[in-house]
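There are 4 protein chains.
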Amino acid sequence: MSVHLARDSYGKHRVRVSKVRRPREAPANQERHEFVEVSVDVELEGDFAASFTAGDNRLVIATDTCKNTVYALAKDHDVATIESFGLAIAEHFLERYDHVQLCRVSLTETVWDRLGESLHGFVARDRATPTAVVTLERDAESEVVAGVAKLLIAKTTESGFSDFHRDEYRTLPDVDDRILATELTAQWLYRGEGAGSGGDFLGNRRAVVDALLTAFLDHYSRSVQETLYRMGSAALEACPEADEITLTMPNKHHLLAKLVPEGTTNDNEVFVVTDEPFGYISGTIKR
Amino acid sequence: MSVHLARDSYGKHRVRVSKVRRPREAPANQERHEFVEVSVDVELEGDFAASFTAGDNRLVIATDTCKNTVYALAKDHDVATIESFGLAIAEHFLERYDHVQLCRVSLTETVWDRLGESLHGFVARDRATPTAVVTLERDAESEVVAGVAKLLIAKTTESGFSDFHRDEYRTLPDVDDRILATELTAQWLYRGEGAGSGGDFLGNRRAVVDALLTAFLDHYSRSVQETLYRMGSAALEACPEADEITLTMPNKHHLLAKLVPEGTTNDNEVFVVTDEPFGYISGTIKR
Amino acid sequence: MSVHLARDSYGKHRVRVSKVRRPREAPANQERHEFVEVSVDVELEGDFAASFTAGDNRLVIATDTCKNTVYALAKDHDVATIESFGLAIAEHFLERYDHVQLCRVSLTETVWDRLGESLHGFVARDRATPTAVVTLERDAESEVVAGVAKLLIAKTTESGFSDFHRDEYRTLPDVDDRILATELTAQWLYRGEGAGSGGDFLGNRRAVVDALLTAFLDHYSRSVQETLYRMGSAALEACPEADEITLTMPNKHHLLAKLVPEGTTNDNEVFVVTDEPFGYISGTIKR
Amino acid sequence: MSVHLARDSYGKHRVRVSKVRRPREAPANQERHEFVEVSVDVELEGDFAASFTAGDNRLVIATDTCKNTVYALAKDHDVATIESFGLAIAEHFLERYDHVQLCRVSLTETVWDRLGESLHGFVARDRATPTAVVTLERDAESEVVAGVAKLLIAKTTESGFSDFHRDEYRTLPDVDDRILATELTAQWLYRGEGAGSGGDFLGNRRAVVDALLTAFLDHYSRSVQETLYRMGSAALEACPEADEITLTMPNKHHLLAKLVPEGTTNDNEVFVVTDEPFGYISGTIKR
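Chains as they are written, first to last, in my numbering: chain A, 1 to 287; chain B, 1 to 287; chain C, 1 to 287; chain D, 1 to 287.
Next comes chain A alone, as it looks inside the complex (with noise of 0.2 Å):
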């Protein structure tokens, strides 16, 4: 039998690292601290062949490596944006090792806020998640996948769902009022030029979600669908840089109760939220 390594990749996923940003003007406890944190996945593709198919290891960048990679670049690095950082780290591979061709690295970021006015204290949120995929590939256009995870948001009306498919599978009946929940995850990709490290990733992140929270709420819903398209639209509009949007929008139920006892009413008072099963409908907007 004669088989063949078609792909190939491997890397250190899970290298989590934060870093302290300070002038270091003045004692720690005197001066105005920043404070990152970020996970990040490192993968590498290039002239690795010989270590699956004939245990020659020699050209192998051991994962511990690249960990150790991710903490010696994090102190050289700003870390001002995770698309700015896996940008550094991606580049640092190429330039590093002739042998790697291609190097992928996703990074998600702990957002930290600060405490009220505090210098060095400051609160982690879980929801609204950065997220970053940068893909350096030798001779071809550099990627970077911007986006948003863990956005949970809802309107609690100006959506309904009615006039699909009628047939004898079909349960559901049409509603003209109801609440339309979703945990977001958006993901717009820059191209080329857009995605050097001068690209002002900061400011198109704030753009992107300004404009998908805006188009999420600024019309009547008659599905996910077209409220998705919509978001999606004013997202590229917001952000002349992003070549495409993609968003998937997970239908988080918050179901009608049937109240007891027997004959009480449910004005779209009282809701069942479920998690599972649910709608999930994704879309990739283009310009």
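One or more hints might be untrue.
Stated by the list, open to error - Pairs of lysine-lysine, BS3-like flavour, derived with a Cα cap of 27 Å:
id, chain 1, residue 1, chain 2, residue 2
1, D, LYS150, A, LYS150
2, D, LYS252, C, LYS75
3, C, LYS258, A, LYS258
4, D, LYS252, B, LYS258
Stated by the list, open to error - Going by beta-carbon spacing under 10 Å, a handful of chain A positions derived as facing chain C:
id, residue
5, GLU168
6, THR171
7, ASP174
Please keep in mind that the hints were generated in silico from the structure rather than gathered at the bench. We treat Cβ as the ideally placed atom computed from N, Cα and C, and that holds for glycine.
Here the structure of chain A is known, so what remains is to put chains B, C and D in place on it, guided by the hints.
Just chains B, C and D, lined up with the frame of chain A:
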């Protein structure tokens, strides 16, 4: 062999309910909504032994009925706080069923913050989750344990740990400047009067959380233990209605990274974030 | 305002350790290995108040030291059972440190089953997880709570639920044939003698689990409550060393699916599986 | 600004269904049952753009209808394998709805093993979970990707890692005897004929998993990469119907513990188990 039933309880867990509050003086899309979401566990104790020992279900209020009841009460109650909603549920079961001796209701809120100035748009938080455990027992003092969970906080300086026990099992050096991070859980107890439905649960909650956060930052921390005690003391001072408070402060370690190339210094700048193993400190402070 | 520290404890959680046992009479790849993996939580109580109230760490055994100790003891101990390893850890802390009053060790095992007849190949299980909580206190009786968690079992018939309390909140009909599924957690208690390091923890564990599973099946179940009581009674009968047993049996509902097209019958054939809300039944049975 | 919908799909996820199979020649409690449980994700592509861009729902098969359909098909189908059940679901959607262009069904099985010799008692596994992704598209070759997930395996010797790339970022030493543990995920592809409903999916699954486990153990592993390639090659040899196989083998590190008191040796006996960061190796092997 002779055995007996020494303790029993049963109920329904994870009854998840959301409620839309609005004046109902105008169409849904023209007036301001409030949106609350709660997960409720109901547990009952009482005259239920025969169901265990004799298969006699006549006194068993089905867990499905417990669920129906939570939905029904969510309609009648404003669900302004999880403490007051928990009291309403527990009171219902004791008043409605003579053979229920004790009702314990545990609640967790998903906080929906208003999206900007929107009348009906909301975004959910997943940190600083409000919790409550309400326990009503016939002929006993009421107890309400209010709490906050998943409050992930850090200070990037003003913390150390030194002069601790030294023996041949110790390898950790003294350190006078480190990151202190913890995922705080706090539970404070109201008894009797303070556990009544007239309590200012919301005002107290804000006062307690503010006091905890302020006390987390207002001193140089010689240990998690010291900081825990100061935080708990401050919370009791801020909330005279609370009799005691229990804090758990798992140490979410940010460990100084060992940097490469060899010889690279790390002046409290880059840290490795680990989830486990973790130090776990807990304490109860009473008046 | 006067407050005081009413209760405190601290320690290290999630100390995860694996151990390879082998005769060491031949090279590693020529002899039969045993492989065990345990996650250990150590908690200490004793003369530690000054660390909370006065920032005085002199008596504090660092949680890092607790971790080191678990690793060190894993070398000296055979880790044949988590109960015996927990006892060794708790005994160490009480013997080594006069100011420790109580040591509680909670352990969870990842069971590695041998892969076929391999000398050194293993595959891990994630059900029927062994657990143990060992509590040693000076001048008090030893306690070992052995347990099993995540034991997901079902019977597809021989179960019903009927003749339960009827009122206006009830909507669930009587049913005389249903699926009964639960994720069983059991914890049985050894005290004094039985909690000594000479106990046959492994033999007892097998006897208890066998008895629980047999009793789950050997009768028509009129309620989870009835079945729980029968299972607990059988376990105590099978393990004379155990003083009591606590079972929790969350109802993992398999609900009869409503089938389309309208009019399609469902003769206990197709079920909707739901995680929440769920009935939660618990009971403690003693001699 | 001009944008367009470049890609879209929608469907229902986490439709969880269980089924009892039995001869139905005797009362339920007197004959032998089979019990299967599956979680199903259905995704549709086709003529749905108008729902996104114009709020026109007329062709939208509601995700609720998708759910109903899964339950309905679970009655008609024997659910002998998740591959065949997935095919039945995908075929239904393509046959029933002309405007559906592609249907992708992803399935995960909860395996219920018989409890001893019981006719109707079962215990669930949570390792070596069967998975399948069935993709049917009009005028395209059928594809079935069968898989296994959460297969946690280890070898306690016969593994090393040495002679890998050396530079100033490397700190990991060469090692010629270590624990190799991984949570294996494998996915093998059937195309065309092999992806038909007549395939011996169950026999092939057993052959593939056996081959993977045997090849995990049958050699001294010079790297995860080498072992992955050998395992994948063996699987393709054992299952001629499969065109290719993709393996992912995250390194579940068991790191040699540094033991106290200082000077204590650790002859590959005690290991620290960590979840993150972790090495992540993946590869696709084709004929």
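Consistency of the hints with the structure:
no.	hint	verdict
1	LYS150(D) x LYS150(A)	holds, 25 Å
2	LYS252(D) x LYS75(C)	holds, 21 Å
3	LYS258(C) x LYS258(A)	holds, 16 Å
4	LYS252(D) x LYS258(B)	holds, 22 Å
5	GLU168	holds, 4 Å
6	THR171	holds, 6 Å
7	ASP174	violated, 17 Å
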